[in-house]
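On the provided structure of chain P, position chains E and C as indicated by the hints.
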Amino acid sequence: MTSILTTHGLCKNYRGIKAVQDADLSVARGGITGLIGPNGSGKSTTIDCVTGFTRPSSGKVNYDGQDITGSPSYGLAGIGLVRTFQNVRVYERLSVMDNLVVASQSLRAHGWLPLMLRSTAVKADEKTIVQEAISFLELVGMAHYAGAPAGILSYGQRKLVALAACLITHPKLIVLDEPLAGVNPTIIRKISGLIETLNEQGLTFLIVEHNVDFIMRHCDHVIVMEQGKKLTEGKPEDVRRDERVLEAYLGKRVGLETKGTAYA
Amino acid sequence: MSVSTPFSTRSTGGVQPRLTWPLIVLSLVGLILLPSIWPSSYVVNVLILAFIFAILATGLNLIFGYTGLLSFGQVGFFGLGAYLYALLTMDGGVSPWLSILLAGIGSGFVALLLGYPALRVSRASFVIVTLSFTLLTALLARNWVEITRGPMGIPKLSAPSIDLPGLGTFSGHDPHVFYYIALAIAAASIGAIYLLVNSPIGRVLRAINLDEPLAASQGISPKKYQIAAFAVAGVLSGIAGSLHVSHLGIVDPSIFDPYYSEMLLIIVIVGGPGSFWMVVVSSLVFMAIPELLRMAPELRMVLFGMVLVLAAMLFPTGVGGYFEQRKLAMWRRSLRS
Amino acid sequence: MEFFIQLVINGLMLGMVYALIAIGLSLIFGVLEIVNFAHGHFYMLGATVLAALVTSAGIGFFPGLVIATVAVGVVGYLVYVVLLRHFREGEFDRGIILTIGIGMVLQNGVAYLFGSSSRMVDTSLSFVSWDVAGFFVDAQRAVAVLVGAVAIAALYAVLTFTRIGKAMRAFAQNREAAFIVGIRPAVIAGIAVAIGIALAGLAGAALAPVFAVHPAMGAPILFKVFAIIIIGGLGSLPGALVASLLIGVTESVVGGYSSVALQDAVAFMLMIVVLLAFPAGLFGKGIRV
Numbered sequence: 001m002t003s004i005l006t007t008h009g010l011c012k013n014y015r016g017i018k019a020v021q022d023a024d025l026s027v028a029r030g031g032i033t034g035l036i037g038p039n040g041s042g043k044s045t046t047i048d049c050v051t052g053f054t055r056p057s058s059g060k061v062n063y064d065g066q067d068i069t070g071s072p073s074y075g076l077a078g079i080g081l082v083r084t085f086q087n088v089r090v091y092e093r094l095s096v097m098d099n100l101v102v103a104s105q106s107l108r109a110h111g112w113l114p115l116m117l118r119s120t121a122v123k124a125d126e127k128t129i130v131q132e133a134i135s136f137l138e139l140v141g142m143a144h145y146a147g148a149p150a151g152i153l154s155y156g157q158r159k160l161v162a163l164a165a166c167l168i169t170h171p172k173l174i175v176l177d178e179p180l181a182g183v184n185p186t187i188i189r190k191i192s193g194l195i196e197t198l199n200e201q202g203l204t205f206l207i208v209e210h211n212v213d214f215i216m217r218h219c220d221h222v223i224v225m226e227q228g229k230k231l232t233e234g235k236p237e238d239v240r241r242d243e244r245v246l247e248a249y250l251g252k253r254v255g256l257e258t259k260g261t262a263y264a
Numbered sequence: 001m002s003v004s005t006p007f008s009t010r011s012t013g014g015v016q017p018r019l020t021w022p023l024i025v026l027s028l029v030g031l032i033l034l035p036s037i038w039p040s041s042y043v044v045n046v047l048i049l050a051f052i053f054a055i056l057a058t059g060l061n062l063i064f065g066y067t068g069l070l071s072f073g074q075v076g077f078f079g080l081g082a083y084l085y086a087l088l089t090m091d092g093g094v095s096p097w098l099s100i101l102l103a104g105i106g107s108g109f110v111a112l113l114l115g116y117p118a119l120r121v122s123r124a125s126f127v128i129v130t131l132s133f134t135l136l137t138a139l140l141a142r143n144w145v146e147i148t149r150g151p152m153g154i155p156k157l158s159a160p161s162i163d164l165p166g167l168g169t170f171s172g173h174d175p176h177v178f179y180y181i182a183l184a185i186a187a188a189s190i191g192a193i194y195l196l197v198n199s200p201i202g203r204v205l206r207a208i209n210l211d212e213p214l215a216a217s218q219g220i221s222p223k224k225y226q227i228a229a230f231a232v233a234g235v236l237s238g239i240a241g242s243l244h245v246s247h248l249g250i251v252d253p254s255i256f257d258p259y260y261s262e263m264l265l266i267i268v269i270v271g272g273p274g275s276f277w278m279v280v281v282s283s284l285v286f287m288a289i290p291e292l293l294r295m296a297p298e299l300r301m302v303l304f305g306m307v308l309v310l311a312a313m314l315f316p317t318g319v320g321g322y323f324e325q326r327k328l329a330m331w332r333r334s335l336r337s
Numbered sequence: 001m002e003f004f005i006q007l008v009i010n011g012l013m014l015g016m017v018y019a020l021i022a023i024g025l026s027l028i029f030g031v032l033e034i035v036n037f038a039h040g041h042f043y044m045l046g047a048t049v050l051a052a053l054v055t056s057a058g059i060g061f062f063p064g065l066v067i068a069t070v071a072v073g074v075v076g077y078l079v080y081v082v083l084l085r086h087f088r089e090g091e092f093d094r095g096i097i098l099t100i101g102i103g104m105v106l107q108n109g110v111a112y113l114f115g116s117s118s119r120m121v122d123t124s125l126s127f128v129s130w131d132v133a134g135f136f137v138d139a140q141r142a143v144a145v146l147v148g149a150v151a152i153a154a155l156y157a158v159l160t161f162t163r164i165g166k167a168m169r170a171f172a173q174n175r176e177a178a179f180i181v182g183i184r185p186a187v188i189a190g191i192a193v194a195i196g197i198a199l200a201g202l203a204g205a206a207l208a209p210v211f212a213v214h215p216a217m218g219a220p221i222l223f224k225v226f227a228i229i230i231i232g233g234l235g236s237l238p239g240a241l242v243a244s245l246l247i248g249v250t251e252s253v254v255g256g257y258s259s260v261a262l263q264d265a266v267a268f269m270l271m272i273v274v275l276l277a278f279p280a281g282l283f284g285k286g287i288r289v
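Chains as they are written, first to last, in this note's numbering: chain P, 1 to 264; chain E, 1 to 337; chain C, 1 to 289.
Next comes chain P alone, as it looks inside the complex (with noise of 0.2 Å):
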C-alpha cells in the first residue's frame, strides 16, 4: 500500500527541550492509522508539524508526493489535507451552516468584484455548497441545528460539526486530534461509525488517541510514541501486547493484563 503522508527524521525542539526527535513517521493511503502514546510523547507536536502548525526544527514532511515541510497551514486544505483541534473549534457566532460553508473551498476561487455583487455563477456555487452542506449535516446528524449559532452546541456536538467542515473540503487525508475526548458513548460510536463509512469510500485518517477500544477496533495500523520518539508501530494487536509500550503507559509490568478502558 503506498503512503499518503511520510515524515522523515522530523525534530521539533524548543528551547532545550526535545519535543519530537527523529520520528520517521508513514500514513497508508486508504488506511486509519491511530498514533498513542503517553501524554508528552510528542504526538501533538508532530500533528501540528504536519499539518503546518508548526515548523519543524528539522526532518522532511511529503505529503501526496509533495514536500510539504514547514509549508504554513492554509495551504494544505486546498491539497485534500485536513485537521480537526483537541480543543474542538467552531466558529462559534456563526451559524452551523456558515460554519461549513466557510470551510468550503469553491466560493474562494472567485474575485471580490462577482462574490460582492453576487453573479450568477457565484449564486450558482452557492447553491451547491448549501446542498453539500446540508448533505454532510444529515450524515453527522446535524442538519436540524443548520441556523444555529454554533456557540449553543454541546462539546459533542461540535465535535460533529467541526468533522463535517472537515469533509466539505473534499479531503484526501484527514487528521483527527482525539476526536472522542470528553465525549458520551453514544456520540463516540457515531463518530467511530462515521469515520468507519468514510474510510470505506476512500478517505485516509490519521487518528490521536487514547482510546483503547477505538484503536483496537478500527485502527489498520498504529504508530506508538514516547518521549518524542517512535517507540513502534504495527498491527494494533500487537502493538498492545508489545511490552514496551505497556512500559511507556503504565511503568513495568507487575503482571496485570490490561482491559480495554478509555483513556481520560
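It is possible that part of the hints are untrue.
DSSO-like cross-link-like pairs, simulated, lysine-lysine; straight-line CA separation at most 30 Å [to be verified]:
#1 E/K223 to P/K123
#2 P/K123 to P/K172
#3 P/K60 to P/K229
#4 P/K235 to P/K172
#5 E/K224 to P/K172
#6 P/K123 to E/K224
#7 P/K172 to E/K223
#8 P/K190 to P/K235
#9 P/K229 to P/K18
#10 P/K172 to P/K60
#11 P/K229 to P/K172
#12 P/K123 to E/K327
#13 P/K127 to P/K172
#14 P/K172 to P/K190
#15 P/K60 to P/K18
#16 P/K235 to P/K18
#17 P/K127 to E/K224
#18 P/K127 to E/K223
#19 P/K60 to E/K223
#20 E/K224 to P/K60
#21 P/K60 to P/K235
#22 P/K127 to E/K327
#23 P/K127 to P/K190
Calculated directly from the structure, the hints in this document are not laboratory data.
Relative to chain P, chains E and C alone:
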C-alpha cells in the same frame, strides 16, 4: 433581494436586527429630502460631518468590528487622504471628483504597505504600529513644509461640483450642494462595504476574527485577508478625509487632532463593533449630540470618556451586540422547547 | 567632541525620565497584559498636582514631589480596584478602550477644572545650573534624573528582595501558577499598577518645573513611551530602561546635529526597525496576545 432557500448562505452578519431594503431606501429618501424640509445651513453642515464620520466609522468597523484588529491608523489615513486631495487639486490640477477617488486609492495603497509589518508580531504591535503611523503622518504634515506647507496648511481648496446638463453647474462650495455630494459618496462607499461584509468575503473575515487557527486549517490565509481589509479601510478613510477638507476648504495638521480618533472609537464601540447599521446610526447620533447637549467642550469629552469606560466595562459589544445577545438567547430558548 | 558629550549627557538625562514612565507602563503590561493608554495622562496629573501644590499652596518642591507621587499612585490604585481588576487575560482590546476612556476623562477633566493654558512652575532650583567636570548640567533636570534613578533603584530592590516584589514577578511570568501557589491577584496586581502609575506621576511632578504644565502634555510623551517599550520588549523592565536611555541619547544627538522635527521621529523610526528585525523587542517576552 432576500433569498428564499431554507438555509440561507447569506452571512449571518448576525449582530444587527435585519434591516431590510425598504428601510434603507426610506432612510435614503428621507436624507435626500431633508434639506428641502429643513433648509437650515447649520443642520446641513452637521449632517455633512455625520456622513463623513459614517464613512470613517464604517472603515474602522470593517477592520476592527469584522476583522478584529484594533487600528489607530484610520485617522492617519484620514489625514493622508486629505493632504493627497489638496496636493492633487492644487499642485496637480486634477479635478476634485477624481482627486477624491485617487486620494482614497493612495491611502489604501499605503495601508497595504503598512499592513504587512504591522501584523508581524502580535495584536499589541498592530495597535502600536498603526498608532505610530498616525503620529508620524501628523509629524510629517507639520514639518515637511515644502510639501505640506507646515502648520499653516493648504488653504483655498476647490470642492467638487455637480454638472447637470441643461441646469448648470452647482459648486460644492455651497453647503446645500455639498450635502448631496457627501451623501452620494457616503452612500456609495458605505453601500460597497455593506456588499462586502455580506458577501462570502465578509464571512471569511468574521471567521478569521473568531478563530484564526481554525480558518488557517481550512485553507484561509489570515494575513492576506487582514491586510486586504486594512487596505479597504484605508481607502474609506482617505475618501472621508478628502471629503472633509474639500468641505472645509483648507487642510492643516489639525486634521490629526486626537478628537477624531476619540470620536471614531466611541462611535464604533457604542454602535457595536461588527454591527453594520448601528455604527452608521451611531455616527449620526454622536455628531448630533454636541448640538443637542450644549455644554463646555471639555465637559462633553469627559462625558464621552465615561461612556467609553462604561462601554468597555459593561457593554463592549455596544448596542448592536445587545441585539445579537438577545437573538442568541432566543435560539437557546427555542432549542430547549 | 565636547558638544557630542554634552549631547550624550543631556540624552541620558532625558532617557532616565522616559525610563520612569516606560518602566511603569511595562510593569502594568507585565501584570495585566493591558497597554495603559492613560499612562501619559497620569504623568500629566502628577505635573498638575505639583504645579498646584507649589504655585498655589506654596509647598516646597520636594514635599510636593512626594505628595504628588503618592496622590497619583492612590488614584492609580483606585482605578485598578474599581475598573481594571475585572479584566481577564486576553481582553486586550477592551483594556485599551477602557484606558483611552480613562485618559479622556483625566485630560478633559483637568482642562475643565483648571483650564487648558500652560502653567510654569518655579522652584528654588529653577534657573540654576551646575558645572560638572566642564559640562553644563541644568539643576532642575539633574534633580529629576536623580529622583528617577533613586525610584528605579528602589523598584529594583523591591522586585528582587521583597516577597511582594517576587510575587509580582511570578505573577507577570505565569498568572495561573502564581494563583495556585496562593498569590492573590487583586492585591499583587493592584500594587503593581499603583507603583507603575505612581512612577509616571513622579516623572510628571519632577519635570513640572522643567516643561510647561498643561492638560494635553500627556499624549505626546505616551506615544514616545509606546515606541520605547516596543523596542525594549513589552513587559520587560530592563528592556524599558535600556530602550529609554537609547532613545534619549539618540534623540539628543539627532536633535543636536540636525532638525528638531527629525528628533521627534527618531523613536518611531527605531521602533519600526526593531519590529522588522526583532519582532519581540530587544528583550522581548514573546507575548502570545
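Structure-based check of all given hints:
1. E/K223 to P/K123: holds, 27 Å
2. P/K123 to P/K172: holds, 27 Å
3. P/K60 to P/K229: holds, 15 Å
4. P/K235 to P/K172: It holds: about 22 Å lies between the C-alpha atoms, which stays within 30 Å.
5. E/K224 to P/K172: Between E/K224 and P/K172 the Cα gap is close to 25 Å, so the pair holds against 30 Å.
6. P/K123 to E/K224: Measuring from Cα to Cα gives roughly 24 Å; hence the hint holds.
7. P/K172 to E/K223: holds, 26 Å
8. P/K190 to P/K235: holds, 24 Å
9. P/K229 to P/K18: Given that 30 Å is the threshold and the Cα spacing comes to 9 Å, the pair holds.
10. P/K172 to P/K60: Distance ~20 Å between P/K172 and P/K60 Cα, so the pair holds.
11. P/K229 to P/K172: Within the cut-off at roughly 26 Å; holds.
12. P/K123 to E/K327: holds, 27 Å
13. P/K127 to P/K172: holds, 24 Å
14. P/K172 to P/K190: holds, 21 Å
15. P/K60 to P/K18: Measuring from Cα to Cα gives roughly 16 Å; hence the hint holds.
16. P/K235 to P/K18: Distance of about 27 Å is within 30 Å: holds.
17. P/K127 to E/K224: The hint holds at about 26 Å.
18. P/K127 to E/K223: Holds, because 28 Å separates the two Cα atoms, which is no more than 30 Å.
19. P/K60 to E/K223: Status holds; Cα separation ~25 Å.
20. E/K224 to P/K60: holds, 26 Å
21. P/K60 to P/K235: holds, 25 Å
22. P/K127 to E/K327: Holds - the C-alpha atoms of E/K327 and P/K127 are around 26 Å apart, at most 30 Å.
23. P/K127 to P/K190: With a Cα-Cα distance of about 28 Å, the restraint between P/K127 and P/K190 holds, given a limit of 30 Å.
The structure agrees with every numbered hint stated previously.
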